[in-house]
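Engineer: In case you want the letters, here they are:
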Amino acid sequence: MKPAPFTYHRARDVAGAVSLLTELGEDAKYIAGGQSLVAMMNFRLARPAHLVDLGGLRGELAYIRDDGGVLRLGALTTHHQVENAPLGPGFAVLRDAMGWIGHLPIRTRGTVGGSLAHGEATAEWCLLAVLLGAEVVVQGTAGVRRVPAEELFLSFFTTALEPEEMIVEVVFPRPAPHAALTEFAQRRGDYAIVAAAVDLEAERVVLGGVAPVPLRVPEAEAVLARGGTFAECAAAAAAAIDPPADGSGGADYRRALTRTLLVRACEAAMRR
Amino acid sequence: MSWVGRSAARREDPRLLTGNGRFVDDIRLPRMLHAQFVRSTIAHGTVTGVDLSGTLAVPGVVAAFTAGDLAVDDITAVLDRPLSEFVPTAMPVLARDRVRFVGEPIAIVLAEDPYSVEDGLEAVRVTYEAGMPVLSEEQALAPGAPLVHAAAAGNTLVDVSMFATEGIDDIFAAAHRVVYVRSRTGRQNAVPLETRGAVASWDPRAEQLLVQTCTQVPHQVRTVLAECLGLGERAVRVVVPDMGGGFGQKCVVGREEIAVGAAALRLRRPVKWIEDRRDALTASFLAREQRYDVRAAFDAGGRILALDADVVCDMGAYSCYPFTAGIEPLMASAELPGVYRVPAYRVRGRAVTTNKAPSAPYRGVSRPQIVMVMERVFERAARELGLDPVEIRRRNLITEFPYAGINDVTYDPGSYLESLNLCEQMIREEGWYERQEQAAAEGRFLGIGYSCFSERTGYGSGAFAKRKMAVVPGFDLAEITMDLTGGVTVTTGTMSHGQSHETTLAQIVADRLGLDLAQIKIHQGDTDRITYGFGTFASRSATIGGSAVARAATKLADRLLRLGAYLLETDDVELHDGHVRRRDDHGRALRYRDLAGIAYLKANLLPKDAEPGLTASASFDVHGDGTFSNAAHGAVVELHPGTGRVEFLRYVCVEDCGVAINPQVVEGQCRGGIAQGIAGALFEEVTYDAQGEPSCASFIDYKVPTANEIPDIEIRHLETPCAFTESGAKGAGEGGTIGAPAAVLNAVNDALRPTGVELDDTPIRPETVQRAIGANA
Ligand SMILES: Cc1cc2nc3c(=O)[nH]c(=O)nc-3n(C[C@H](O)[C@H](O)[C@H](O)COP(=O)(O)OP(=O)(O)OC[C@H]3O[C@@H](n4cnc5c(N)ncnc54)[C@H](O)[C@@H]3O)c2cc1C
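Taken in order, these protein sequences are the chains called A and B.
If you read the first sequence in the working numbering, its first letter stands for residue 134, the second for the next number, and so on.
If you read the second sequence in the working numbering, its first letter stands for residue 2, the second for the next number, and so on.
Since the hints were derived computationally from the structure, they do not count as laboratory data.
Each hint should be verified, as a subset may be incorrect.
Here chain B is said to cover these stretches of chain A; the calculated rule only asks that three of the stretch's residues, wherever they fall, bring their Cβ under 8 angstroms from a Cβ of chain B [said to hold, decoys possible]:
{"id": "1", "region": "134 to 145"}
{"id": "2", "region": "148 to 160"}
{"id": "3", "region": "383 to 395"}
Yeah, the Cβ is synthetic: ideal placement off N, Cα and C, and Gly gets one too.
The task is simple: from the sequences and hints, build the whole structure.
Structural biologist: Okay, structure coming up:
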């Protein structure tokens with residue numbers, strides 16, 4: 134469980150990081166908090182020949198800015214910073230969701246940008262970004278582009294980012310005072326078996342753990358739109374999905390969890 | 002006031018808690034190489050080629066060896082039983098041709114640093130001819146199944162039928178009621194926080210191979226090293242530094258330890274191997290995968306009349322040394338009746354071999370399962386006979402001691418009934434039964450479960466000989482030496498892997514010599530410092546090791562008294578606070594350091610028949626059946642229908658380990674044990690895919706519970722002293738693990754009552770609970 138050999142580089146600024154990665158080619162990777170990447174390298178499931186460390190950009194890219202209802206998070210903002218940020222009711226859902234991510238030491242290193250780039254289908258940031266209609270600001274060789282979160286996640290651990298593209302910021306365009314995320318795993322801190330997130334005002338429902346990507350469920354959203362009950366919403370979601378089966382649970386179990394968790398999420402969102 | 006019985010602060014804590022402990026991985030020797038193993042990627046087959054040329058070209062790699070290169074003897078564990086009962090199978094240090102599980106070591110690679118080793122591993126080319134893997138007890142026993150070992154027909158390594166009380170079939174035929182329990186328990190890993198590891202080096206001056214390794218059994222490792230490497234035992238020294246747990250996984254001899262020793266000999270360079278977590282989870286020693294088919298006959302009053310059991314233990318690919326694959330089935334077969342008066346008993350116990358990582362003892366060895374099975378038997382009988390589950394136990398518990406069991410075991414006195422009563426009283430007085438009723442009225446699922454058990458500890462040579470082990474563990478030795486400053490060094494053959502021996506053994510000595518703990522040093526884990534020992538397993542250290550230490554201390558006390566009497570010119574002396582003094586005149590006293598000064602530096606002043614120096618040694622063994630600790634556990638759980646989560650509302654444990662040398666240490670043992678028992682009941686299982694590839698290579702998939710999942714545990718103590726250990730202590734190391742699964746399973750079943758579903762298998766997954774409630778409530 135030691136990584137394959139790699140060369141370490143430290144970026145000084147965003148432009149430098151992107152051009153360095155472009156120069157080094159496909160075998161190079163950014164490293165932010167390292168909480169996903171290093172584990173994969175230790176198992177030799179990832180074997181980048183070059184690592185470009187973004188740690189030096191923390192001064193530039195670890196920030197939380199609320200510009201009158203638009204929340205901007207720098208890519209290197211840690212889960213822990215968000216957990217402890219004085220976010221108003223509009224974005225409290227983000228703060229409250231942080232407690233579900235791993236354990237404290239992981240949250241002090243893992244970053245928002247790293248989570249989104251990693252693209253794990255139950256990762257809280259991935260769900261939250263889709264739920265709140267976030268835009269992911271990405272810097273590439275050709276300049277900056279803004280990717281809607283819904284278009285970012287393509288499949289298991291696969292995003293629409295080009296290899297050299299770097300996430301610099303995530304923009305949450307509107308407050309979501311009646312939104313919540315909840316989940317279930319056998320142990321506190323594990324990746325969820327199923328995660329459910331809802332924004333009652335935007336009438337959005339997003340599930341994790343039931344598809345290769347964070348999944349919006351239009352059938353359940355429709356129930357919310359027509360003023361149906363939370364239980365109906367959850368039932369519609371459970372009926373609409375085609376979840377996988379693995380060691381953590383079969384498809385029926387994931388449907389049952391969806392029913393339970395979505396009601397819980399709706400109730401929590403309502404209570405806010 | 003005596004030291005024994007006091008929660009003295011742990012003497013090992015200052016160094017361990019400040020990061021000053023020294024574990025195997027902290028050892029760094031000049032010119033040291035790092036080793037790792039090329040491991041089989043298939044579960045069953047023949048190795049047709051191992052090409053190490055690529056590996057040797059990797060920068061940093063120094064050497065790589067296959068079985069043929071190392072040419073060391075196999076490790077073979079045997080029982081003194083006929084072939085019909087036990088089939089010996091050799092475990093080669095490196096696979097010779099056949100591979101029998103994913104993770105089996107095939108070659109050792111040595112490099113200048115831990116990173117290059119793994120680059121070297123990647124460059125090895127192994128070719129196989131894959132065979133059909135045997136992955137379960139059913140597959141192993143199926144007619145015409147592929148054979149894991151050619152010598153073991155039917156893939157059966159152990160097959161014993163025992164006790165078979167005459168007329169048992171008639172009892173079943175005539176019984177008022179026959180109750181059936183079929184139970185399975187998942188394969189588990191003991192998961193010591195510190196994985197296995199060793200540093201081997203050749204000392205040309207001592208002409209010794211020094212192997213520093215984290216083992217619970219240093220002398221057995223020495224013996225196997227000497228045998229496999231063809232060295233005299235005097236040419237091997239095993240030293241154990243601080244250990245971060247073992248739980249049985251380290252009380253067997255690992256093939257990697259031998260390979261590392263062989264490589265160090267061959268290269269004349271120190272070699273370090275630290276098992277990484279992936280190997281620890283997939284290729285180390287595992288345990289606990291068992292299947293029980295049990296029926297029990299009852300009369301109308303709920304009294305058990307007969308017990309008939311078929312036990313099959315899936316021991317994986319090899320017999321472990323020294324216990325063999327018999328460890329689990331023999332323990333299960335001998336101890337199944339447990340704390341109950343069972344008048345007739347028959348059991349067949351089998352060990353089958355499969356293409357999975359082999360099994361070793363794991364804290365409790367089979368007793369978590371047999372207790373679970375017996376407690377299920379009584380719960381089911383209570384339901385079927387309309388009796389209260391606690392009352393039916395009361396009617397069947399052993400209450401008179403010594404009790405000669407149907408299993409040919411004599412039980413020494415314990416508090417079986419008292420502990421159950423107190424446990425139930427605690428639960429009742431806290432109002433849990435009312436809360437359960439209220440919950441039921443609200444449609445919630447709240448359950449209360451108990452387990453009631455005893456645990457044989459202090460297995461001496463008597464007990465192990467009954468098991469017909471070829472290597473009969475049992476006795477232990479202790480040596481004690483007083484130095485010139487009046488303190489003592491005690492050497493023991495037991496080996497703490499975290500259980501505070503430096504504290505508890507010192508407490509025993511302190512009482513016998515009137516010394517403060519600070520003046521007592523406990524030395525363990527060095528085969529050059531003590532003649533022989535069996536290390537630590539089977540809750541033997543306080544009982545057997547502690548008794549040997551106590552006897553040695555008493556002998557030394559006698560020497561001090563005799564010397565003191567001579568010098569103080571009286572026969573009437575006593576030891577007090579580091580002095581020998583006249584009973585009739587406390588003012589006339591000699592400090593120990595004065596006595597030591599004479600014993601060592603002025604031997605001319607000693608009486609003529611006295612030897613110089615102040616040392617003593619002693620041994621202790623248990624020739625009978627050992628001593629039984631006992632406990633009752635009570636668990637209250639709530640099941641969450643929407644997720645299947647099992648939430649603990651209360652956990653109490655009433656334990657009796659005789660005299661608790663250090664109650665805080667006992668409680669620590671209980672809590673840790675209960676946590677591991679809960680782990681087995683609800684969380685952990687080593688699983689494999691259809692090809693025999695283990696599916697849990699990390700803690701993502703092997704779900705060791707954390708402090709978040711383990712409830713607060715209240716522990717109460719009862720004390721039924723052991724009559725034949727020196728301190729009155731019984732073993733306390735395993736009970737927690739033994740009692741927890743049954744209590745949890747019973748509590749879950751109690752909560753599931755409205756659904757009609759009964760669960761007999763562990764681990765209980767949330768999915769199972771959710772389905773049970775979802776489909777039936
Ligand atoms: C035990 C454990 C439990 C965990 N539990 C959870 C959990 O419950 N939920 C959860 O969401 N996460 C969990 N994590 C993962 C954790 O949140 C990670 O921090 C996160 O997934 C990745 O962030 P990072 O900064 O560590 O990224 P890294 O590990 O450094 O990188 C991850 C990937 O993203 C890329 N990357 C990083 N930053 C950028 C960027 N700015 N632009 C483009 N690409 C980038 C890297 O190249 C790499 O491919 C857990 C981790 C551990 C070790």
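Engineer: Would you mind marking each hint as holding or not holding in the structure?
Structural biologist: Going through the hints against the structure:
1. 134 to 145: holds (count 5)
2. 148 to 160: Violated, because only 0 residues of the region 148 to 160 of chain A bring their Cβ atoms closer than 8 angstroms to Cβ atoms of chain B.
3. 383 to 395: holds (count 8)
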